[in-house]
Amino acid sequence: MIEVRELCREFTVTTKVGRLRRARTKVRAVDSVSFDVAAGEAVGYVGPNGAGKSTTIKMLTGILVPTSGHVRVAGVDPSRARRDLARRIGVAFGQRSQLWWDLPLRDSFDLLRSIYRVDARDHARRLAECVELLDLSGFLDRPVRQLSLGQRMRGEVTAALLHGPELLVLDEPTIGLDLESKERLREFLADLNAQRGTTLLLTTHDLDDIERLCPRLVVIDRGTVLADGPLEALRAEVVPERVLVVDLEKPSEPLTGIRGVVDVRIELGGLRQHLTFRKDETTAAAVIAAVAAQADVHDLVVEEPEIDDVVRRLYARR
Amino acid sequence: MVETYARLLVARLRGQFSYRTSFTIEVFAEALVQAIELAAITILFSHVTALGGFEVHEVILMYAISSTAFGLADLTAGQLNELPNYIRAGSFDMLLLRPLGTLPQVMVADIRLKRIGRTLFGLAAMAYALSHNDIAWTPAKVALAAAAPLAGAVIFGSVWVVACAVCFWLVEGQELANSVTYGSNAFTSYPVTVYSGWLRRLMAFVVPGAFVAYYPGLALLGRDDPLGGPAFLGWISPLVALAAAVGAGLVWRFAVRHYRGTGS
Amino acid sequence: MRAYVHLALAGFRRYSTYRQAMFAGLTANVVFGMLRTAVLVAAVGAAPVAGYDAASAVTYVWLGQGLLAFVVLWGESQLSERIRTGDVVVDLYRPWHLQAALLAEDVGRAAYAAVVRLVPPVAIGALFFPFRWPEPHTWPLFAVSAVLALVISFGMRFILNCTTFWLLDSRGVRNMYEVSSGLLCGLIVPLAFMPEWARDVLWATPFPYLIQAPIDVFLEQGPQWTVLALQAFWAVVVLAAGNLVLSRAVRKVVVQGG
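Sequence order for the protein chains is S, W and E. Note that this note's numbering gives residue 283 to position 283 of the first sequence, counting from 1, and the numbers run on in steps of one. Take any residue in the second sequence, note its place counting from 1, add 318, and you have its number in this note's numbering. Take any residue in the third sequence, note its place counting from 1, add 582, and you have its number in this note's numbering.
Rather than coming from a laboratory, the hints here were simulated on the basis of the structure. Take every hint as true, because none was put in to throw you off.
Label-pair restraints from in silico Cβ distances: (1) W:Leu-568 / S:Glu-180: 48 to 54 Å; (2) S:Arg-145 / E:Gly-804: 52 to 58 Å; (3) E:Trp-715 / W:Ala-561: 41 to 47 Å; (4) E:Leu-812 / W:Pro-457: 56 to 62 Å.
From the structure, some residues in chain W lie toward chain E, with a derived Cβ separation under 7 Å: (5) Leu-350; (6) Val-366; (7) Glu-493; (8) Val-512.
Please read all numbers here as calculations on a predicted model, not as lab measurements. Even glycine gets a Cβ: it sits at the ideal position worked out from N, Cα and C.
Produce the complete structure using the sequences and hints provided.
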């Protein structure tokens, strides 16, 4: 669905040097990025601010023309066939609206139907689906400017889907939303991907979005791809430690001396202990058995590393 | 295709009825903007009998054609004044995501119906000027009287597009563009014989301002060009307009290509 | 007092950062100066009209283009915006007199505008066209007249902006002012060209004191000291009126709790 090879994008930045002179420097916002997204995949494209995420998205959607490199989206070259591409993909930006500010939401949808020349029946069917799944019925006739951010975002996603795109590109779709709106949106997108087979590519700062939606992650920093792979594999590769948290029946000294455990931290005077162990040297079962041999265990849980942690470590590895 | 734009337009117009009270005032204010130049013409002619070799009703005819043309251009291309805001806020990117051309999208994006005030005033002035000049009416001249404001509108619109395309390089360039657009309205309100030197060459022929009202006005009045131009110049405004539109379209394409090439 | 001097300096500095806007505005002044010059010279070239020959017409046009930016005849809605958004409450509770503070800032802005917006058009007019320079003793009078015009313009803009307290959206009112002020203050056509009744009516309003009065002083048309006295009168009137409007507005804000 998406094919990116050695994609580069340079910007010329002019800075003032002295009173009148200006110096022009070239900055590579995207530097030789390559990745593929197969039809039906859901991929998270993450990275810190200024990493080149938006620039990549703009090149994938035909807004910007690459400085060099190869891009194919839905089989077409975005920079050459912008309009053709526009009909085949849907794009929703969290911070920019494609709806008409002072028109009722329904009218915006009508206009989009006309712009994308969607068959009236297809339009009605897709709209009805979105209205039901995203619960739009309460504010369909309200002008967009009066909608809450969460409502507007649901409108934006609907707007991006009305022409039945094969690929949905989302740029920060959950930014600024309250927890409930985020959850509803994620659920909708997950269904869309799983049941309709719509390919998803989303950039986000909210790693819960990734956890919930994207089995695969492409991490970008300073214009280059740092990592690309399933979330689980990245987790295992980047953060080899796991933490076993045990609540004991009786307070105890730190449970040291267990093979593979590299750090022990105690809480509540020894009633709760955090044992960090290396996954490549031992297993959770072995550690639990060793703990049980030393003390009476009331409760225990193995913590997976937070995704933030995974990404942070990836950046730190550079 | 036409239907799509028509729908976009209708949607815009509907949106404006929510502010009906200020709407009337705004229409009136727009008409007044255009009326002020007419007041200036009238005041000047209370002291002189001719400006640039033309008497008051002849000047008013040129003014009226120019006003109607500018009013129509303002109604459609005037929206381009918002381009720097679109670029800054990123909404221009949104237009690029749609399967439509960017220029017509910008032009219908936020049509301000209040601007009809200028056109209405221009039409009223035309009615006055056409009835107060001694015109030897022929079917061809009737057609010219109808075509001149439209061709003028296309010329003004092209000027607007080219001037505003500057904003793709200079985000603050819109005020510069205004000097050109509103300046060409002021220029074409008087016979080009009033001006001289490079100002006339630039505004009348490089920017084809002379074809908005001056030459069609001459043809309607049946007058020879005091500058010695051939008579057919009065009839070719639609062709000039077509050429201007094609030129403006190419400039716009180049500008958008630059925008997508270097980004914002 | 020192605070207001500070504000004036800040105004100067703030406006000196808007270079592109300054350049664009200046371009518009020059374009319209050219066009206006051509039309007026076409009218008065053969024989002087109402005391204007070609040189004084040129001087009138370019001085007018410079003064319009110096006094800010159009488009100024900062206070209005602050009222609309409610930010004005912050301004009202500062230990200053809001009107005086804004005037101080405007004076600073005008000082900058004098250099970059008033002098260049006049210089262009003087360089490329026949120009009418005044007698040496007129220069200080013109300076005073220009400053008084600035104060009157500020006072009128202040009142216009304050209407936002009641109208919520003062765009319509400001729009009408901007549209009509060009003609009423003698920017488009000299007031002397107008019929007698119109002149009588207009000179009884503050409008001509914004543009036409300083131009008359510069061109030494009419009694200069009388013009200055009338400008001073109008300056006091519009400032006092603005002050009254402001105190009403403050009471309204206080009563409504902001």
